[in-house]
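Trainee: Okay, here's what each chain looks like letter by letter:
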Amino acid sequence: MTVKTLKIDDIDVAIAAGSTILQAAQEASIPIPTLCHLEGLTPVAACRMCMVEIEGTSKLFPACVTEVGEGMVVSTNTPKLQGYRRMNVELLFAEGNHVCAICVANDNCELQDLAVEVGIDHSRFPYQFPKRSIDLSHPQFGIDHNRCILCTRCVRVCDEVEGAHVWDVAQRGSACHITSGMDQPWGEVSACTSCGKCVDACPTGAIFHKGETTGEKQRDREKLAFLMNAREHQQWTR
Amino acid sequence: MDKIRFATAWLAGCSGCHMSFLDLDEWLIELAQRVEVVYSPVACDLKDYPENVDVCLVEGGVANQDNLELAHQIRDRTKILVSFGDCAVTANVPGMRNMLGGSDPVLKRAYLELADSGAQLPHAPGIVPDLLDQVLPLHQVIPVDIYMPGCPPSADRIKATLEPLLRGEMPQMAGRDMIKFG
Amino acid sequence: MDIAELHEIAQQARDRRKPTRIRCCTAAGCLSSGAAAVKTELAQAVKTAGLEDQVEVCSVGCMRFCGHGPLVAVDPSDTLYAAVTPTDAPSILTALNGGKATAAQADPNHPFFAQQQPIVLENSGLINPESIDDYIAAGGYEPLHHALTELTPEETLDEVTRSGLRGRGGGGYPTGLKWATVAKMPAGQKYVICNADEGDPGAFMDRSVLESDPHRILEGMAIAGYAIGANHGFIYVRAEYPLAIQRLKKAIQQAKRYALLGSQIFDAAFDFKIDIRIGAGAFVCGEETALMHSIQGQRGTPRPRPPYPAESGLWGCPTLINNVETLANIPAILRHGGDWYAGIGTETSKGTKVFALTGNITHTGLIEVPMGTPLRQIVADMGGGVPDGGRVKAVQTGGPSGGCIPAHLLDTPVEYESLQALGTIMGSGGMIVMDDHTSMVEIARFYMDFCKGESCGKCVPCRAGTVQLYDLLTQIMAGEATREDLDQLEALSAMVKDMSLCGLGQTAPNPVVSTLKYFKQEYLDLLLPASNRSGAPTVATLS
Chain A
1 MTVKTLKIDD IDVAIAAGST ILQAAQEASI PIPTLCHLEG LTPVAACRMC MVEIEGTSKL
61 FPACVTEVGE GMVVSTNTPK LQGYRRMNVE LLFAEGNHVC AICVANDNCE LQDLAVEVGI
121 DHSRFPYQFP KRSIDLSHPQ FGIDHNRCIL CTRCVRVCDE VEGAHVWDVA QRGSACHITS
181 GMDQPWGEVS ACTSCGKCVD ACPTGAIFHK GETTGEKQRD REKLAFLMNA REHQQWTR
Chain B
1 MDKIRFATAW LAGCSGCHMS FLDLDEWLIE LAQRVEVVYS PVACDLKDYP ENVDVCLVEG
61 GVANQDNLEL AHQIRDRTKI LVSFGDCAVT ANVPGMRNML GGSDPVLKRA YLELADSGAQ
121 LPHAPGIVPD LLDQVLPLHQ VIPVDIYMPG CPPSADRIKA TLEPLLRGEM PQMAGRDMIK
181 FG
Chain C
1 MDIAELHEIA QQARDRRKPT RIRCCTAAGC LSSGAAAVKT ELAQAVKTAG LEDQVEVCSV
61 GCMRFCGHGP LVAVDPSDTL YAAVTPTDAP SILTALNGGK ATAAQADPNH PFFAQQQPIV
121 LENSGLINPE SIDDYIAAGG YEPLHHALTE LTPEETLDEV TRSGLRGRGG GGYPTGLKWA
181 TVAKMPAGQK YVICNADEGD PGAFMDRSVL ESDPHRILEG MAIAGYAIGA NHGFIYVRAE
241 YPLAIQRLKK AIQQAKRYAL LGSQIFDAAF DFKIDIRIGA GAFVCGEETA LMHSIQGQRG
301 TPRPRPPYPA ESGLWGCPTL INNVETLANI PAILRHGGDW YAGIGTETSK GTKVFALTGN
361 ITHTGLIEVP MGTPLRQIVA DMGGGVPDGG RVKAVQTGGP SGGCIPAHLL DTPVEYESLQ
421 ALGTIMGSGG MIVMDDHTSM VEIARFYMDF CKGESCGKCV PCRAGTVQLY DLLTQIMAGE
481 ATREDLDQLE ALSAMVKDMS LCGLGQTAPN PVVSTLKYFK QEYLDLLLPA SNRSGAPTVA
541 TLS
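Chains as they are written, first to last, in this note's numbering: chain A, 1 to 238; chain B, 1 to 182; chain C, 1 to 543.
Possibly wrong hints are sitting among the right ones.
[Stated by the list, open to error] So the derived list for chain B, only partly shown, Cβ under 8 angstroms to chain A, looks like this:
1) Cys44
2) His139
3) Gly182
[As the list claims (entries may be wrong)] If the Cβ cut is set under 7 angstroms, some of the chain B residues that face chain A in the computed set are:
4) Ala174
5) Lys180
6) Phe181
Keep in mind that the hints were calculated from the coordinates and are not lab data. Every residue, glycine too, gets a C-beta built ideally from N, C-alpha and C.
Please model the entire structure based on the sequences and the hints provided.
Mentor: Next up, the structure:
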């Protein structure tokens, strides 16, 4: 195994070649905000929260998919990145209908946490108030598109872990939305095994257990971590 | 030194932020000694917003003509305007009517489609203020100096915002305790 | 098929020609203004005059003077008729014997034509795009024969490297280097893709090449396949180009019949087949990773690079993606040699570039000029400037990813680097001329509207940022924006550029940035006075 050494925020890190900057930062306990990333799923670099600066280029790089290089000098929290990340989260709040006060995921939401982390006390971008739908056709779960940030974790967890591929993305641009089956109501999708992994993976209150009310959303992230670990390392104990 | 001229105002919101303000309990007595309350739905009987206000907490989004006029009046007559609670900061629950489109579909939905009996649109010019097409966060209508999100902001958050102001300093609106929505 | 057969086909095609040829443009531009009826009437007129033995009426590709179509040219008299109607047909025949044609004549020696240097377009307007024999008679497929029988793949690649050719899709990446990267990947399944998903507003270069000289693309792809060790090519062409698709299909059939595509081409140990994949109307599918997803039958969204397609492309195999115009240069480079090509153009930008000249310009059409030609020469001399004596205000290049060049910088030569220095890009070749009456803020808004509609929605800055940029530009246009809003526009432009996942988002703010750079006063003039900074949203929202 080859090892690469690099500097992240002035901290020296040594890590196996082929690792990502995000993994290297985690190893050194340097926090890099993420949103679409979920351990064990194919990274898509879509949310752009984990963008970092690398010395010697003016481009920014997504830490979740950029491999470490020998002698790399990475900055994860420059004023420029802070400014961009705040705008990025504001854009998410402005494009959906995120009403924290009445959301199942209130106080248990990665988007809400990120807003605090990047220092959003208000959105400088006007809210779009899009007209979006809610699908409650599934007997156990619901999806509220108003709260969806299109991280596609549900799409990937269903496809890659459960192997059912119930979810996908339809349309483009601001009309993009998560769709189930052949653009059917969720409850009519026969491929759905009702495993609930999408509920566990969803960072916001978009996919939830029916019956949960404000602030009551339950997620079993450890179940996902267990499954990934079991598959990769054949360790089947929890 | 003159006392700080303090006000609170209530636009399109549920008054929960004001209830939370009342949760300040005994600190309210301290506050009362250090400020002169010149306008407030919970602490003052004056009906007109006065001139030369130092600090005003404004609860609620801007949803109708009256809200709009009062917002402008407050801005013109206030030094430090605090956007008070999620409705003022994000339009929050009142803003959920924006998804229906303009004011007409909203009125039809509320007064015709959902009416139990006697369905009719409210029409009382000069008495019932006209709805704006969209409920807007305060800062989309007037400049805001401090944003205090929360639904409602806790009494602790309100106190932590006001205390520096009483000392003539700006509060640090950062961290989970101060700016978490909801 | 061997070289003798190829020469025989060429000779027979030449022998079939009649002393007088009336060439009718049947590319999309002229067809849309009635070229089909013109051609029918001309054929009828030949019949009526009993001149079938001496005169042939043939379909050819684009004659480039697109704004003045339908175009008809007569050989060998070198006469060019413009805006021909069916009723002009008999008089065009009369004119063969000294009569007077009712159709207007265009000057084939006009700078629009005289200052062009056709390489990519060398056959365009001269041969019948639906006849492989015509292409062979013009020397077609000889370069492929040369490569397959006289050069090794390495030598073939070397010609391209020495030519200095750079990607014509807009990026300007050295073509030889791209080929070499794929060639160096371990042997195994590899692919060649021709990116014909031309989507910039105002751009029709690639369309014209595909409609006028489709075999050229097939030949370029086959040569590329030979050089890099690929046996399978895909042409990804947008559905909005039905004529191009039809002609490509026909060309592939013809090439297969002559064994110029298929197994053991020219008896060499080289197989190559080409399939067409039709786009479904997404601009983002011009981005190479989105394009590959689309070919694989998946949702057309980009993915982060690396890995680059050269390493992991179609179905994980090494893949070469070149744009139409890049590939169209290849047969000429193999025919005349890389050194010949490198002798054209400038130090860093070799060869020629095709531009689609549109907008407020007298002569709309296609031009192919050597790299280094000053913009002023293209716009003023060749294009004839703004009609009715108006003044050029700016020239837009690079479409939604590009920028505006103000009139005072028109002496800039057309090169990858010089255009980049001005804050725009070469792009694929759309060139839109704007006159004094154009609002630059409106232009920026137009392109932002385009980008927000074409964003695939995968990454946040592009999906949501373009919407907010568009709204800000709308607010500015409506005179309801403040200085703070303008600052917000600039800040968000920088963010969307730096943070987006693919080229679409990364370049979407360019029209804003470049108009702000050269025409900031137009933005400032639209702002509300500073004292009125709270006035904007309220007026607009009263019920």
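Trainee: State for each hint whether it applies.
Mentor: Hint by hint, here is what the structure shows:
1. Cys44: violated (27 angstroms)
2. His139: Since chain A brings a Cβ to about 6 angstroms from His139 (chain B), closer than 8 angstroms, the hint holds.
3. Gly182: holds (3 angstroms)
4. Ala174: Hint on Ala174 (chain B): holds, closest Cβ of chain A at ~6 angstroms, below 7 angstroms.
5. Lys180: holds (5 angstroms)
6. Phe181: holds (4 angstroms)
Violated hint for the displayed structure: number 1, the only one.
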